[in-house]
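Starting from the structure of chain A, add chains B and C where the hints point.
The listed protein sequences derive, respectively, from chains A, B and C.
Numbering of the first sequence is given in our numbering, commencing with residue 1 and proceeding in unit increments.
Numbering of the second sequence is given in our numbering, commencing with residue 1 and proceeding in unit increments.
Numbering of the third sequence is given in our numbering, commencing with residue 1 and proceeding in unit increments.
Keep in mind the hints are simulated off the structure, nothing from the lab.
Here the structure is a predicted model, which is why all the values come from computation and not from measurement.
Some hints here could point you the wrong way.
Chain copies aren't distinguished; within one or between two, either way the pair holds.
[As the list claims (entries may be wrong)] With a cut-off of at most 20 Å between alpha-carbon atoms, the simulated DMTMM-like pairs for lysine to aspartate or glutamate come out as follows:
(1) K262 / E387
(2) K135 / E379
(3) K262 / E385
(4) K3 / E387
(5) K312 / E385
(6) K74 / E387
(7) K366 / E314
(8) K262 / D386
(9) K135 / D47
(10) K315 / E379
(11) K135 / E104
(12) K262 / D47
One-letter residues, chain by chain:
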Amino acid sequence: MSKNNKILLIGILLITIIIGIGFIPAMHQEGHDPETETSQEIQTIYDSLKYEKSIHVLAMLLLGFGFLMVFIRKHGFSSVTATFLVVSISLPLYMLIKTYTGDEFSITNIDSFILAEFAAASLLIAIGAPLGRLKMDQYILLAILFIPAYILNEWIILESGMFTGFVDVGGSVVIHAFGAYFGLGVVANTMSKFENQPECENNSLSNQFCIVGSMVLWIFWPSFTSALVAPGEVVITAINTIFALCGATLATYVFTRLMRGKIEIEDIANAALAGGVAIGSVCNTTTPGYAILIGVVAGAVSTIGYTVIAPKVEKLIRGTDTCGVHNLHGMPGVIGGIFGIFISGAAGIQIGGIVVTVVIAFVFGKITGIIVRLLGQKEIPYSDEDEFITSH
Amino acid sequence: MSKNNKILLIGILLITIIIGIGFIPAMHQEGHDPETETSQEIQTIYDSLKYEKSIHVLAMLLLGFGFLMVFIRKHGFSSVTATFLVVSISLPLYMLIKTYTGDEFSITNIDSFILAEFAAASLLIAIGAPLGRLKMDQYILLAILFIPAYILNEWIILESGMFTGFVDVGGSVVIHAFGAYFGLGVVANTMSKFENQPECENNSLSNQFCIVGSMVLWIFWPSFTSALVAPGEVVITAINTIFALCGATLATYVFTRLMRGKIEIEDIANAALAGGVAIGSVCNTTTPGYAILIGVVAGAVSTIGYTVIAPKVEKLIRGTDTCGVHNLHGMPGVIGGIFGIFISGAAGIQIGGIVVTVVIAFVFGKITGIIVRLLGQKEIPYSDEDEFITSH
Amino acid sequence: MSKNNKILLIGILLITIIIGIGFIPAMHQEGHDPETETSQEIQTIYDSLKYEKSIHVLAMLLLGFGFLMVFIRKHGFSSVTATFLVVSISLPLYMLIKTYTGDEFSITNIDSFILAEFAAASLLIAIGAPLGRLKMDQYILLAILFIPAYILNEWIILESGMFTGFVDVGGSVVIHAFGAYFGLGVVANTMSKFENQPECENNSLSNQFCIVGSMVLWIFWPSFTSALVAPGEVVITAINTIFALCGATLATYVFTRLMRGKIEIEDIANAALAGGVAIGSVCNTTTPGYAILIGVVAGAVSTIGYTVIAPKVEKLIRGTDTCGVHNLHGMPGVIGGIFGIFISGAAGIQIGGIVVTVVIAFVFGKITGIIVRLLGQKEIPYSDEDEFITSH
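Chain A on its own, in the form it takes in the complex (with noise of 0.2 Å):
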């Protein structure tokens, strides 16, 4: 191993030490929200409920967004381990620049540990554009870059009140969205010898996997979605998402055979996933059946952009989006932002809210695209060899 490299090692060590000592002295700020009126016994008994949510999420997290990506070839241990790095580095980053910048923000209340994970959401999805061209150390500095900018994209829509009313209690906007053209900035002007992309080789068993992940994902989504609604609203919400997500499978079946004559498992992995996308900004505030129908146009469209906008897009960014994600994430989120408009009546901020969102995302992402390039750029596609001991 070269020198360079140990120093980076070292430097990631020191940082995750340095994050754990950055919390130590923020622990006077414990305490649960004083402004609440149901005794501590129910508040406890809540805690505990979303507790049950953040899990799931963390599910979704780990063995979701984890497999759904290693359908690339001889990637699947490169996918997996930058998963669980991402994860590590994100949860803990994020809540540590909160606890110091956030106002009402303690580290030991389980609201803040689930916005972490939402955080660590949106930095997964983006990492699947790039997916394949970084390595790990590469994985590790992109998360670090993230959370900054996905947290001020966040103070700026949510919290700011410069976008007072802005509906998006799901994060179809500031998760999906963001995470989506965060990558697309990552990989923006990338293109060189990439040509032979690599596909979902779904005749092997590692697309097994794939559907694995994306059954996880479908699963927990209503706890995602739900995580942080009003407790008499869990219900509601949950239904409403998973109803979106049968709307979503079933377009996204028509429409794979429509447009391409046969089914592809990767259609049926990805685009079923999209109504869950396209509900989270309405999830709460919709019913059952108009929730159907935003997942049969979320899974039409995110098939369609898996068949014929994803090879118009890549040459626009003049680079490979390896996951699709700006079909799964990036449409479905923005369409899911604009049926924000029905509930809310403010098609101004809504409006506003989408593409101050996609040009930060896609800004800070081309920033730290360029920043991750110092430590170096490979013309094919990493495989599982570069890094990992295969043979023994």
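Then chains B and C, alone, in the frame of chain A:
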């Protein structure tokens, strides 16, 4: 793609949209059960706790049944896609029909959603019999025909008053036996050249996925049986269910070796679950010791089913039961129903309910099989190549 | 099948039935802890919340430990079947023995079931050491011998009053270290021709299953540590646990590369979990910053264990530790116990408890190993072909 195919696909899209639109006028039916005396806050908490179980059941539907059915060689994509599709069509369809026919059914109630999941579980059991003999459009059509029949039987047994006192809280009869005998009805009289029935290919990795599905079902089965019991009965129901699964798992191990000399992994993956099927009827009223004994009986009968009884049943109905649903859900479901006599003491009602369920399931399954085959029938089992893009 | 084999199998069936019958007279012991002052309704809700965690722990037992052990080439069916069997025998056996020996133990109490799951977890850790050296009947016999030893140690350390003040709420010592040193006891002095120890075959898909197991353990670990803490401590316990896992994951990445030059996926799958092991003793009393630092230490020690210490330990005990349970559960468990000194301040009691646990575990493991080998010993590792039907 043929014109007929396109019409079918657009038909499926329209049905999805119609289901969505169908819900819209129904929203005024909202509101919780007014009879409850618990406060609104406690009711909200109970609903959230049921929501957790509904997600566990969702995991059983997709990851559990989906991957338990991937054991057929070169049929993995078809199995998981069929699972996705029939779940996505049956959940909203069940809730839509019940909204317009059920007296106290509210689409925003968590109990309603769990009942819809039970219907989807029964449907997934049913498609286990013809698995590998149908194409995707046929699975969807089967789902659309299954749900009304399931609702009819559910009404006759549990709501009409004809079988007052029938004991089946965990669905041994109305979910498991109904699904199994419906599936057997679908395949009855289809035996032609299917002599070389695809077997569990247990020398390949695909069987490991089968075990993942089996374990997901085992783990979350306590949430299936306890999803709709009274809050105070959740723990005893869960412990009874787990003890029944333990008894069945150990009995399956003993009987697979006694009957075959060696261990058949297919038996372990399937018959170990028979305890969960059989305990359903008495899961909240028996005690852990009896639960183990019920599990031992169910595991033994199921294993004997796979080794000895299955070929005779297939000859009798002149059809192939691909997943052996008769062994896992049919016989153990009926056994569970019979155990219910010890609880209710009303042998006549219990046996009557079982017989009516089996007859309705088989007859409607038979009719459904005839209708489904109007869309085409293949002489040899389907493989993924028939409907999926498998070469890149 | 030989006559001896049949007698063994029928013996296992009889033991199962006896366990079932053994519970029947015990049912009068029912009833909740009378000391609680919370109302019945709130108590029911707390129990339901604990039930959710017990299902998470069940997922760790089957999917987690089961698939973490499938990395051995051609031993996948054996690993998962052994997991199914030892879980199925140990859960009811633990509860049966405790019902007749424990003062306040009720078989219908959720706490009792979670304690049984902890025993099963410790047992699964123990069989990781001899994995691949035993046949199915031997795993079952090992389970039957393990449980009384585990209960004895649990009583001495936590209930007898000999070690009042011993800090170990998440089981670093009594669950993890006990299981690991019991397993090392089983394999001690068995070294013969096992020079070609089966290695993690990380160029095959079977390792992806290993990662699934690892992720399931990572995701649900917070429910393991928080399962029995006071309701108000659930959130802080969970956040501490996750932060410890984050620290261990990052440290594992750094140390696997520093020690080996490249990344060993086996290290990532295992050592990343060492943070969860080590945090156990102080999971509800420390703060997130210290939790990260404990995780870093545990991950680093565990990775160094896999790379440097393991060969020396195997030479010392003259036996092969197939899964490296000493690296993942033994050393991190002891480290966790030592961290407990900073909380309790009682170094003597803490160190005394650790030493007693290690000695009891190793001695009873040694005795168990001798008894288990009476059923036969094989010179080369087992493969699935020995006991499973693998050709169709």
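Verification of the supplied hints:
Taking CA atoms no more than 20 Å apart as the test, K262 paired with E387 passes between copies only; the shortest distance there is 6 Å, against 37 Å inside one copy. For the homomeric pair K135 and E379, the shortest alpha-carbon distance inside one copy (12 Å) is at most 20 Å, but the shortest distance between copies (43 Å) is not. Proximity of K262 and E385 under a CA criterion of 20 Å is satisfied inter-copy only: 9 Å between copies versus 34 Å inside one chain copy. Taking identical chains as interchangeable, the C-alpha atoms of K3 and E387 lie at most 20 Å apart only when both belong to the same chain, with a minimum of 16 Å there against 50 Å between chains.
Proximity of K312 to E385 under the C-alpha cut-off of 20 Å is found in neither arrangement, the shortest distances being 32 Å within a copy and 29 Å between copies. Taking identical chains as interchangeable, the C-alpha atoms of K74 and E387 lie at most 20 Å apart only when both belong to the same chain, with a minimum of 12 Å there against 26 Å between chains. For a Cα distance limit of 20 Å, the shortest separation of K366 from E314 inside one copy, 15 Å, qualifies, whereas the shortest one across copies, 51 Å, does not. In this assembly of identical chains, the alpha carbons of K262 and D386 lie at most 20 Å apart only when taken from different copies (9 Å versus 35 Å within one copy).
In the homo-oligomer, the alpha carbons of K135 and D47 never lie at most 20 Å apart, since the shortest distance is 38 Å inside one protomer and 45 Å across protomers. Proximity of K315 and E379 under a CA criterion of 20 Å is satisfied intra-copy only: 18 Å inside one chain copy versus 46 Å between copies. Taking the shortest alpha-carbon separations for K135 and E104, neither the intra-copy value of 37 Å nor the inter-copy value of 55 Å comes in at or below 20 Å. In this assembly of identical chains, the alpha carbons of K262 and D47 never lie at most 20 Å apart, being 46 Å within a copy and 42 Å across copies at closest.
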